[in-house]
Every structure is written in C-alpha cells, then in structure tokens.
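Q: Line by line, the protein sequences are chains A and B. First residue of the first sequence? That's 1 in the working numbering, and the numbers climb one at a time after it. First residue of the second sequence? That's 1001 in the working numbering, and the numbers climb one at a time after it.
Quick caveat, the hints were computed from the structure, so don't treat them as lab data. Misleading hints may appear alongside valid ones.
With a cut-off of at most 30 Å between alpha-carbon atoms, the simulated BS3-like pairs for lysine-lysine come out as follows [unchecked claim]:
{"id": "1", "chain 1": "A", "residue 1": "K41", "chain 2": "B", "residue 2": "K1002"}
{"id": "2", "chain 1": "A", "residue 1": "K197", "chain 2": "A", "residue 2": "K83"}
{"id": "3", "chain 1": "A", "residue 1": "K243", "chain 2": "B", "residue 2": "K1002"}
{"id": "4", "chain 1": "A", "residue 1": "K243", "chain 2": "A", "residue 2": "K59"}
{"id": "5", "chain 1": "B", "residue 1": "K1172", "chain 2": "A", "residue 2": "K45"}
{"id": "6", "chain 1": "A", "residue 1": "K7", "chain 2": "A", "residue 2": "K83"}
{"id": "7", "chain 1": "A", "residue 1": "K19", "chain 2": "B", "residue 2": "K1132"}
{"id": "8", "chain 1": "B", "residue 1": "K1172", "chain 2": "A", "residue 2": "K107"}
{"id": "9", "chain 1": "B", "residue 1": "K1132", "chain 2": "A", "residue 2": "K107"}
{"id": "10", "chain 1": "B", "residue 1": "K1103", "chain 2": "A", "residue 2": "K45"}
{"id": "11", "chain 1": "A", "residue 1": "K36", "chain 2": "A", "residue 2": "K220"}
{"id": "12", "chain 1": "A", "residue 1": "K243", "chain 2": "B", "residue 2": "K1103"}
{"id": "13", "chain 1": "A", "residue 1": "K155", "chain 2": "B", "residue 2": "K1103"}
{"id": "14", "chain 1": "B", "residue 1": "K1103", "chain 2": "A", "residue 2": "K168"}
{"id": "15", "chain 1": "A", "residue 1": "K41", "chain 2": "B", "residue 2": "K1172"}
{"id": "16", "chain 1": "A", "residue 1": "K36", "chain 2": "B", "residue 2": "K1002"}
{"id": "17", "chain 1": "B", "residue 1": "K1172", "chain 2": "B", "residue 2": "K1089"}
{"id": "18", "chain 1": "A", "residue 1": "K19", "chain 2": "A", "residue 2": "K101"}
{"id": "19", "chain 1": "A", "residue 1": "K19", "chain 2": "A", "residue 2": "K117"}
{"id": "20", "chain 1": "A", "residue 1": "K59", "chain 2": "B", "residue 2": "K1132"}
{"id": "21", "chain 1": "A", "residue 1": "K36", "chain 2": "A", "residue 2": "K197"}
{"id": "22", "chain 1": "B", "residue 1": "K1028", "chain 2": "A", "residue 2": "K101"}
Taking CB as the label site, the calculated pair distances span [stated by the list, open to error]:
{"id": "23", "chain 1": "B", "residue 1": "K1002", "chain 2": "A", "residue 2": "P217", "range": "48 to 56 Å"}
{"id": "24", "chain 1": "B", "residue 1": "R1135", "chain 2": "A", "residue 2": "A146", "range": "20 to 28 Å"}
{"id": "25", "chain 1": "B", "residue 1": "R1135", "chain 2": "A", "residue 2": "K19", "range": "28 to 36 Å"}
{"id": "26", "chain 1": "A", "residue 1": "S90", "chain 2": "B", "residue 2": "K1002", "range": "52 to 60 Å"}
{"id": "27", "chain 1": "B", "residue 1": "H1003", "chain 2": "A", "residue 2": "E164", "range": "43 to 51 Å"}
From a predicted model like this one, the values you see are computed outputs, not experimental measurements. Just so you know, even glycine gets a beta-carbon here, dropped at the ideal spot from N, CA and C.
The chain contents come next:
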Amino acid sequence: MRLVQSKTIVDALKKAIIKMNYELDNSFVARLRRAKENEDKDLSKSIIQEILDNQEIAKHGEYPLCQDTGIVVVFAEIGFDVKLQEPLESSVNTAVSLAYKEGFLRKSVVNHPFDRKNTQDNTPAIIHTKLVPGDGLKFKIAAKGAGSENMSVVKMLTPTVGVEGVKKLVVDTIFNAGGKPCPPIIVGIGLGGNLEKSALIAKEAILRDLDDYNPDPVLKKLEDELYEEINALGVGPMGVGGKTTCIAVKINSYPMHIASLPVAINIQCHANRHEEVIL
Amino acid sequence: MKHSVVTPISREMVESFRAGDRVYISGKIYTARDQAHLRLITDEAPNFDLQDAVIYYVGPTPPRPGNPIGSSGPTSSYRMDNLAIPLMKRGLRVMIGKGDRSKLFIEEMINNRAVYLIATGGTGALLASCIKSSRVIMYEDLGTEAVHELIVENFPCFVAYDIFGGSIFFDKDKS
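Assemble the whole structure, with the sequences as input and the hints as a guide.
A: Okay, here's the thing in structure tokens:
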C-alpha cells in the first residue's frame, strides 16, 4: 500500500491548474500556425494571428490566456494500492481554491441555478474517478469555459440513422454554433453508452492527445471525414469565415442498448487548457 | 478600412462603419454582462451617460498587483441580445463582444443607429494590454460582473454588423 499525502496532490494540481491557464501546449500552437498559413482571407489570418500573439503574451505568466478561466474538470485514475490521506474531493478542491487565488484566475462558479451566488474560490471542481491496477495516481485536468461548453449537446438518436445520422447531427451542431464556441475548436464526440456515459466519453475525447490515432478503423475514418466536412462549412476562426473551423475531431465509443444510439458532442474552444499530472 | 475613434461615439461615426472594418477605440468604455444588464434596464439613473456610450461584454480576471486589470477578452454576446434593446433605445451606441446575434437584435440595432463590434474571443491577455485603467462604478456586489469604467487605448475591434445590414460573419444561408 502506498500512502499519498494530501499536500502532494494539492501542490501538484495547484501548479498544473495555474500553468494550463497561461500556456497552450506546443502541438496545439503548431496546428494553429499551420491553420493560419492555410487561410486565404486576410481577416481569417489576422484573427488566428491575434490568437497566436495572445498565447505569447500569456506565457509570461502575467495575464491568463482567457478571462473565462473556466470550471475545473478532473479525470483521476487511482491505483488499487494507493491509500489517500484525505478524500480525493477535498484535496482537489483545496488545489482549485489555492490555484484560483494565487494564479489570479477568475472565480466563475456559482452555487445554485437560481441563487447564483459566487462560491468565491472556483470550487467545486467536477471530478471523475476510475480505479486502476497498481499504486499510481494520474490526473487529466481541464479548465472548461462556458462559451464552448454552452454550445455542446447530447442527443439520443435511433440506431437506424447510422453513420449518416451521426454525421448530420455533428455537422449541424457545429454549423449552428457558428462563431460562438470560439473556433478553431476541438470536437469531442461520445458515441454510445447511455445519456451520461456519452457525455463523459465526449469530454474524455477532447482531452486526448492531438496526435494520437484512433485504433478503431471505422471511428478513425469518421474522425477524418468529419474533420473535412466541418472545415468545409466555412465557419472559420471566430465565425468570420475561412477554412479553419476545427483543429481536430476525436471520437470515443462505448457499447449501448439495442434500442439506443446516444451521441454527445463536446466542444473545446481555441483556449485549449489542459494538463496531465502523474504522481 | 481602419477607423481610430475616441469615445463617446456619435451617430455620424457609426454611419461610416462597414462590416469587416477595423476599429481602434480610445477613451472611456463601460463593462456589463448578463446580471449588470438585468439591473441597467430598470436603473433610471446609472452612474454613466448611456448616450453615445460603449459597452464591453467582459468579466475580467483579477489584476495582479501593479496592473490595472487582468485578462479581459469578450464574452458571448447572444446572451445580451434582448437585454441590449432597451439600452439602445436610451442612446447606447456601441457594443463590443464576440459571436453572432439574433435577427431581432440586428433589426433594433439598425433602427437605433447603434453598432456591434467584435474583439477576438479568447485573447484576453492581448486585449488587457490596451486597457490603461479600470474602476468599479456600479453594482460592486456583482464582482467580476460589476460595471467597470475602463480607459482604453487603441482597443482593437472589428465591425461585426453595420447599420446597412452588412455582417462580418460567414454566410449561413450560402453554406
């Protein structure tokens, strides 16, 4: 049994939460640069250039990438052989509270759908846990803003609509969202499971490595086709028109009921803030 | 075309704007988003003159010591579509946000000779460098959503909708 102190988790998560709000990962920035070269219109190019300039400024650690520093989402993988000194929830929320204060991040969480009182420290985080073999601890975290989250959908399709039905829902969703979710976006899709499972695997999809390769050839093909079709829509950077609407499409799937075909589409804006922590 | 303008913004100035034009704003502008709009529409004596005013849809991050403000990019404008209409009727001239807006909003914007500008969403660090000072002037209890008076210099925007029906956004009907 490996005992993990709460402080170990708090310190590591706090650091990662602050870092992700100030720095985009290199592979995403590289794709933005390529997207800019690929645009024809000056307007579309200049918008991507502003996004690139913004991340250069944010990197210095003074101004966060975006003022919507989001609600924190945590996917935790906990080894069977780990004994936590304190409940995970309390360590994660302590880390969030400290990070949002010390990192000068905006507190965007309210307590209730109608009271809407700010909780003052951006807690609680949204935490998903998975038990895995071994004595390791792994956290995938994201700061998820509302602009793109508000344009995300879950829809229960009927199985007979097949691939074409799924494609239509995805393409229509991105088209209707237009510039609102801050394109260029990453499109995370969850196919199957049930209502909540589809949403969960869609969120996991936007956290996948941009350069990974879907092992399921049918889903890989669908990712490629949707990438082309979404970029052919002409929505463009921030909706002003252009060739770059999405940077990547990632699809996860799960078995489902014979009568169901749940589809969740989770959109990630170009302020693609995420980190991984392994303890 | 490029315009460098100083607030307040006159009706004649707005008439010279065309969708897609670059606009650099200097002078005083005011922040307001969902909750501040709800209050402003019934507030008969706000602490700033709505006539020819500029409202920026933003909820900044807290400033680090020595800085006037934190990260300050635009929020999605569509949430203020209906709430902006009574303010335009009271003289509000310019709104800055991100993303497209409803048909009703655009009609009312044109009727009132107001204009909607966009700043690039998600570039709060870049835009913060154009903000020289910030102070809360109304609704302090709203925190980041309180009305702030900002003094800006060459704050970069694009004309999103002009008063002649032009739009910067991709053409949904054509696609």
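Q: Now look at each hint and say whether the structure bears it out.
A: Comparing the hints with the structure gives:
1. A:K41 - B:K1002: OK: K41 (chain A) and K1002 (chain B) at ~17 Å, within 30 Å.
2. A:K197 - A:K83: 27 Å, holds
3. A:K243 - B:K1002: 25 Å, holds
4. A:K243 - A:K59: Holds - the C-alpha atoms of K59 (chain A) and K243 (chain A) are around 27 Å apart, at most 30 Å.
5. B:K1172 - A:K45: Given that 30 Å is the threshold and the Cα spacing comes to 20 Å, the pair holds.
6. A:K7 - A:K83: Satisfied, since the Cα-Cα distance of roughly 14 Å is no more than 30 Å.
7. A:K19 - B:K1132: 26 Å, holds
8. B:K1172 - A:K107: The hint is violated at about 35 Å.
9. B:K1132 - A:K107: Between K1132 (chain B) and K107 (chain A) the Cα gap is close to 23 Å, so the pair holds against 30 Å.
10. B:K1103 - A:K45: 27 Å, holds
11. A:K36 - A:K220: 25 Å, holds
12. A:K243 - B:K1103: Holds. K243 (chain A) to K1103 (chain B) sits at ~25 Å (cutoff 30 Å).
13. A:K155 - B:K1103: Holds, because 27 Å separates the two Cα atoms, which is no more than 30 Å.
14. B:K1103 - A:K168: 25 Å, holds
15. A:K41 - B:K1172: 18 Å, holds
16. A:K36 - B:K1002: Within the cut-off at roughly 22 Å; holds.
17. B:K1172 - B:K1089: 28 Å, holds
18. A:K19 - A:K101: 13 Å, holds
19. A:K19 - A:K117: 27 Å, holds
20. A:K59 - B:K1132: 21 Å, holds
21. A:K36 - A:K197: Answer violated: K36 (chain A) to K197 (chain A) is near 35 Å, above 30 Å.
22. B:K1028 - A:K101: Given that 30 Å is the threshold and the Cα spacing comes to 29 Å, the pair holds.
23. B:K1002 - A:P217: 48 to 56 Å: Holds, since K1002 (chain B) and P217 (chain A) (Cβ atoms, about 51 Å apart) stay within the stated range.
24. B:R1135 - A:A146: 20 to 28 Å: Holds: the Cβ-Cβ distance is about 26 Å, inside 20 to 28 Å.
25. B:R1135 - A:K19: 28 to 36 Å: Once the Cβ atoms are compared, 31 Å apart, the range 28 to 36 Å for K19 (chain A) and R1135 (chain B) holds.
26. A:S90 - B:K1002: 52 to 60 Å: Since the Cβ atoms of S90 (chain A) and K1002 (chain B) sit about 54 Å apart, the hinted range of 52 to 60 Å holds.
27. B:H1003 - A:E164: 43 to 51 Å: 47 Å, holds
The earlier numbered hints that this structure contradicts are 8, 21.
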